[in-house]
Amino acid sequence: DYELLDLARKAGCHTIEFGLESASPEVLRIIRKGISIPAARRVLAGCERAGINVIVNCMAGFPCETEVDCGMTVEFVESAQRAFPRLNLVCNTQLVQIYKNSEFGRRPEKYGACIRKGCDLSPSFEWETPDWAPAFVDKYRNHPLFVGKCTPTVLPHDSEGPLSSDADPRVARSEEHTS
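All letters in the sequence shown, in the order written, are residues -4 to 174 by this note's numbering.
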């Protein structure tokens, strides 16, 4: 809600980081994320209006995920760039890690996860990524979703937009978030 985001900004909040994980409704349902894409868009709109920068954490290659599902995440990022041009949107994307106590770890066969090995002391498994993942990575290797930059620049602050790093040293430029 915008009022809460506006209060947060006035109190000094300059960046919110949240884990969207995927923009596929099916993947979000399976991982029990508890967020919808319309809700994520409302958060982005509120942050842009309040002048709060956003870091969106996404994952690629869930065991149940198809290339089409992963493409939805790419499309979400691209559409967010168009819809919220003044938002300093940074992506932090990684391949999925399967934890032993997660739903994927307890029942990998249900989700088509092929577990390669796991150390008894480690909380996670090594697993084989989906067959489509290497070609997908090659296709989108330089996409903002995977290089950490969803906006090439941070626009200057005005009464409704995000702060630039020139206006406020606490706000980092997108380029500084590259992983």
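Derived by calculation from the structure, the hints in this document are not laboratory data.
One or more of the hints may lead you astray.
[What the hints assert, rightly or not] With a straight-line Cα cutoff of 35 Å, these simulated DSBU-like cross-link-like pairs (lysine-lysine) come out: (1) 95 / 5; (2) 105 / 28; (3) 95 / 134; (4) 105 / 134; (5) 105 / 95; (6) 134 / 28; (7) 28 / 5.
Practice task
Hint by hint, work out which the structure violates, then give me just those numbers in ascending order.
Solution key: 1
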